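S.K.: Dock chain B against chain A, hints included.
So the sequences go chain by chain: A and B.
Using this note's numbering, the first residue of the first sequence is number 1, and each one after it goes up by one.
Using this note's numbering, the first residue of the second sequence is number 1, and each one after it goes up by one.
A hint or two may mislead.
So these bits of chain B aren't anywhere near chain A, every CB distance computed over 12 Å [stated by the list, open to error]:
no., residue
1, 47
2, 111
3, 146
4, 209
Partner residues are not named here, just some residues of chain A that face chain B (Cβ under 10 Å, in silico) [what the hints assert, rightly or not]:
no., residue
5, 2
6, 3
7, 8
8, 10
9, 76
10, 78
11, 79
12, 81
13, 84
14, 85
15, 87
16, 313
17, 314
18, 318
19, 320
Treat the hints as calculated values from the structure; they're not laboratory data.
This one's a predicted model, so the numbers in the text were calculated from it and none came from an experiment.
C-beta atoms are modelled at their ideal positions from N, C-alpha and C, and glycine is treated no differently.
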Amino acid sequence: MIRMTLRQFRLPALAGGVLLALAAIYLLRLGNATHAARLPVDYHQTMLFLAGGAGLVPAFLGAFWGAPLIARELETGTHRLVWNQSVPRRRWLTVKLAVVGLAAMAAAGLLSAALTWAAVPVDRAAGDRFSTVMFGARGVAPIGCAAFGFVLGAVTGLLIRRTLATMAVVFLAVIAVQFAVPNLLRPHYLPPERVTVAMTADAINRARMLGGITGAPIVGGLEFPDAWITHTSELRTADGRPLSDQAFDTCFAHAPKTGATGTFGDIAVCLGELDLHVDLTYQPNRRFWPFQWIELAVYLGTAALLAALGRWRIQRDTFA
Amino acid sequence: MQTLHAEKLTKRYGRRAALLDCDLAVPSGHIVGLVGPNGAGKSTLLKLACGLIRPTSGTLEVLGSVGFVAQDTPVYASFSVADHLRMGDWLNPAWDAALAERRVAEVGLDPAQKAGRLSGGQRAQLALTLAAAKRPDLLILDEPAAALDPLARDAFLRSLVGFVRELGAGAVLSSHLLGDIAQVCDYLIVLGAGRVQVAGPVRQLLADHRPATLEELVLDYMSRAVAR
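So here's chain A without its partners, still in its complex pose:
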């Protein structure tokens, strides 16, 4: 059954291999440039862009290697040919998932290794490899995500039984999961640390954003040394209660003129005099590798559950 799987996988493997080689060549050249650069942080924008691109890899693997794996057989009726050989259909499914799944993980692992290496000087300079966007394009986490995307594609194909529909659904689903995991799941892999930061005028000027769309008393884009900030509370007064919208609005719209400079000028001075603070929740940077392994385990565990679902359905369902 392994030889049969490899024979059927020949064309998709060839197409994937060509793209993988092109990407690897680009990353090697990029890596040579970043390692030789005097100001590696110049490549920060490129790294953000590449992290986004790396997020598409599991989606493509799911749509182009995973989705057709079963759906194409059911669509063309060849399942009636292959299931009437002497291989039970559960083993047929398991071998297909294992062989192509390992190839998907190897491809993602190679890409991640090349990108992680190319990013070493940039990460060292910018210190943000633990950030929401970068983390998923470093280390071993992409291997898990690729396995998940692939198995999701194959098993969804078993349920939908239409190749094109499966490809579309899986592509979007894998992208959605990659937005959900860093924002909803990853902050809770280990119990976060908490710290209270006084919001002096200086501290406020270091924030990237002040005030919500509805005028809520919030700050955003604060930084805390050697940490990934997972949650920032609203501005709070000395007694721990949220700053009232009214008081915030007063400073925001009618701050006394002091001639202060800084990002937020008079507003920062006005707010700074109110003795405010925010409560930050964060994950220290030393947890980067524990988090990498946890994320790998989360994705691989989910992929294994999906594979079990597929094995159950392929035995139980009726296929005309």
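M.R.: Quick look at chain B alone, frame taken from chain A:
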């Protein structure tokens, strides 16, 4: 020794019963013809026999291993004829490579030809070879010749009889074409409205009933099923 043995065999799709309380006992060593109008449950019975689907209730026992030729004889379009034989070798422990290669040559299939470019008759021959070269005890064919022209159909049925003789196997084939059944089958099952209308050796059925030809016999039982 029985090729097929069914007791109270029932298969429902939702509320519709494709087969209802069917009892069957087909002795081994026959080429069995399965006939009946559309929706009579022919395909359902054959898919149950090869394990592609499972009965809702009742039992169906099949003698030994089964080689199945599905309706429309599906093949992998991107695989060559030789690839298909290799697949048979990979996926079947009892694969008879010599038999497969000889048969492919006899029916004039080019091993290098992609299966997607074969004619309907050639594709059916390839599917039959794949089913037979795993040396099954029973060949099951679901409307294998329905889409073929008369010449290809005749060649296909000859191949089928040849395989059955060579393997010492039984065979069950469903067909709308009573001429095909009359040509190769020596045992007949008439299905109608999800039930077995009649089953028995062709010669005995013809001796016991007044209609003189197989065609009249089948039509007689089919119309009885409709009248009921």
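S.K.: For each hint given before, does the structure comply? Return the numbers of the non-compliant ones in rising order.
M.R.: Numbers 1, 16 and 17, in rising order.
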